[in-house]
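Peer 1: So the chains spell out like this:
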Amino acid sequence: MSEFILEMKNIGKSFSGVSVLRNINLGLVKGEVHALLGENGAGKSTLIKIISGFHPTEKTAQIILDGKRVAFKKPKDALDASIHTIYQELTLCPDMTVAENIVIDKQDRFKGVLQHKKQYNKIARDVLNRMEQKDIRVNAMVRTLSIAQQQVVEIAKAIASDAKVILMDEPTSSISQEDADELMNIIRHLRDQGVTIIYISHRLHEIDGIADRISVLRDGDLVGTVNNKDVTENDLINMMVGRQLKDMFPKRDIKLGDVVLSVKDLESEKTFKNVSFEVHKGEIFGIGGLVGAKRTEVLEALYGLRKITGGQIELNGKKFVPRNPINAMKHKIAFVTEDRKKSGLVLCLSVMENLNMINAQEKTPLGTLSWKKLMGKAKKQQDSLDIRIFTLKQIVDTLSGGNQQKVALGKWMEFKPDILLFDEPTRGIDIGAKTEIYNIMGELAAAGTAIIMVSSELPELISMADNIMVMREGVMKGVLNRSEATQEAVMTLAALKD
Amino acid sequence: MQAKSGVKKRGGITVGQFFIRFRTIIILIVIMGIFTALNDVFINPINLLNMLKRQSFVFIVGFGMTFVITLAGLDLSVGGVAAITGVGFSMLVKGGLMPIVPALLIMLVVALALGFFNGFVSVKGKIEPFLVTLATMNIFRGLALILSEGRPTPIVVEGFADFFGNGKIGGVFPTPVVFVIVLFAATWFLYKKTKFGFYVRCIGGNQEAARVAGIKVNFIKITAYTLNAFYAFVAGLILAALFNSGNPDLGKDLPLDAISGVILGGTAISGGNGRIWGTFGGCLIIAALSSGMSLLSLPYSYQIVVKGAVIILAMLLDNYLKARSNE
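Protein chains in written order, with the numbering used here: chain A, 401 to 898; chain P, 16 to 342.
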């Protein structure tokens, strides 16, 4: 009997001749939280897909579960072996109840052709009680739950199947700090009950708080597995990037210019109200708060995507009512959205085409295009932003998160915005790319652009912003300057009830 | 000497990728090969030109439909627009009521208005284009039947049938084929070389991203449906000229044949990715099937069964090849 519940030997994978994962040997101890760390493209996703049966187990590889050698041909095989994966994109049915979602993969437990609502509800209630999640009603529609609650349901679904190993792929990437803390409690709870958890995240401080052991991947190799208590965050960064990262947040010292944007008592019905702030030329202005604080909605209002029902906006001293994106763009406002896949990029088009999507001076849609010139423009952006691709004709969907974000930002570079609305600048991208995005922000600010940045990552908010407005549930709770802004100060404003 | 950029990569393409890229032309060659084997009249150039002429309206509607499908939409009403065009024109010129040119202009305006209506209702009313045009398909067809009282109106004016239907340029090229070629060139230009074509692809690929990027999403969409009605207008005139009458029943297969052609050509129904040359090839497949089966005297009922089956087979082949090439 080996000491490991799940042991992987000699795992490798190549796609069309390119090896993305080599000779991985990894063992998981029963009841541990094992963090998997690595930059985008390091091979984490591929490893997860192998463990979860998405990629068939190769003949040379060995997966040993509870002392028995197993091989997966399809995801169902992994599930049958009690290995469950919680993906970043949740896989629940929004128009079914919590209970129905929890039993959806357990139909062979029920005989006959009829539904067993009562049993479904009982199973769901039992498992949620076990996880100490009493706020979630088992007959609530999943659609009505928050993202964080949906995640809990997803975990409950795995637990109700007696999962031995649960893989979590960046579970905190789209939930608030508060919910993330709650998730950490759930994870600890599960660990104490003997469930083994593989935890993938970019957030080092999170891993520091939860992991027992940490395995670091880099460029398809396993750099090493370490005990959490033996290493510092800096050690981990070094293992991940293979070089010393002097400073994760290269904040530049820029003298702030005149006020470009002044917002007074801005209100959007049923969404937010009493929002007032000023932004200067060259400033990075942060907006902090928990999920549901309606920060994105403020940016949308400034960009003409959301109706403004009260208050006023002054742009360079002149009254301004953004009617629609085209109108906002005429006033030199740019918007890089939170969800680059949903509203930032056209995934099925090429890098070159995405980089050329913005054409502010355009009056008429007719007019011929010179693809050669557009290619030249795109090439310029590619070089200045260091977008790493084989060719500009590459389809954006195939790029890593960091490169995608650079494209989403890059399409605005030629436009030279006076105000850049930047929603979650570094969500879901690796540390190296993060620093590069921060550098680009610094350059833009130095050139006089005012950046309004919504961010859920406190270190990023505190390190990069000159001033931070904190919101809670649609109401502005205060503006902190650089000397006042600490994690505690921001969290106090963001989370504490009056 | 400096090496010119744009050297084609030769290596590195798998058999599967090759088949995916050239599948339209491969299917076309196979189908043409089969018909030639069954009856060698099929491959005769005169027969082929005749085939293009007889199916010219499918190509023309297919060109417009490529924009609509790239926008992740559909337009089922093109047959109705074509019918109204033919019927309206025939009634306007009946008994010397009006010369040809003003009648054409009036019907052009009417057709564009119908297309605009499709786009406007879909965009402003936030209704799926499929549903809007499902409704207008019947409305337009019904209007054509009401206008004509259900009967074909013969077109007797000089020159019309020659110009749009039965004339030949240089004694060889039927005028409808010339229309196909000219409109193909114009469509290719519009799709590949203008901002309109680019924006259509952006919107079809991700409408939200296009909106944030300041693209006039509604305007472009309405324009595309209006433009589509223009193509249907030309198709309607060719149909009327070929049959020498304005017939309210003409063009019933038109939308589905054209959509089939576009899909066979590799344009994704999910939007964002259109292929103009592909549409040409796909419509050739549809034309070859119709013409080849008619040559073999297969009844219409069998013809539509075969056409449907070919589309499903082509899609299955597509999925199979894609799955293979991803491995």
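Possibly wrong hints are sitting among the right ones.
To be verified - Pairs of lysine to aspartate or glutamate residues, derived as EDC-like cross-links and limited to a Cα-Cα distance of at most 20 Å, are as follows:
1) A:K816 with A:E570
2) A:K409 with A:D477
3) A:K730 with P:D55
4) A:K816 with A:D786
5) A:K741 with P:D264
6) A:K651 with A:D797
7) A:K430 with A:E403
8) A:K670 with A:D797
9) A:K664 with A:D653
10) A:K707 with A:D658
11) A:K742 with A:E667
12) A:K742 with P:E223
13) P:K210 with P:E223
14) A:K741 with A:D797
15) A:K707 with P:E164
16) P:K337 with A:D797
17) P:K210 with A:E814
18) A:K564 with A:D635
Think of the hints as simulated: they come from the structure by calculation, not from any bench.
Peer 1: Are the hints correct? Go through all of them and say.
Peer 2: Cross-check of the supplied hints:
no., hint, result
1, A:K816 with A:E570, "violated (34 Å)"
2, A:K409 with A:D477, "holds (18 Å)"
3, A:K730 with P:D55, "violated (63 Å)"
4, A:K816 with A:D786, "holds (18 Å)"
5, A:K741 with P:D264, "violated (45 Å)"
6, A:K651 with A:D797, "violated (31 Å)"
7, A:K430 with A:E403, "holds (8 Å)"
8, A:K670 with A:D797, "violated (35 Å)"
9, A:K664 with A:D653, "violated (27 Å)"
10, A:K707 with A:D658, "violated (27 Å)"
11, A:K742 with A:E667, "violated (26 Å)"
12, A:K742 with P:E223, "holds (7 Å)"
13, P:K210 with P:E223, "holds (18 Å)"
14, A:K741 with A:D797, "holds (8 Å)"
15, A:K707 with P:E164, "violated (50 Å)"
16, P:K337 with A:D797, "holds (16 Å)"
17, P:K210 with A:E814, "holds (17 Å)"
18, A:K564 with A:D635, "violated (30 Å)"
Hint compliance for this structure: hints 1, 3, 5, 6, 8, 9, 10, 11, 15 and 18 are broken, all remaining hints hold.
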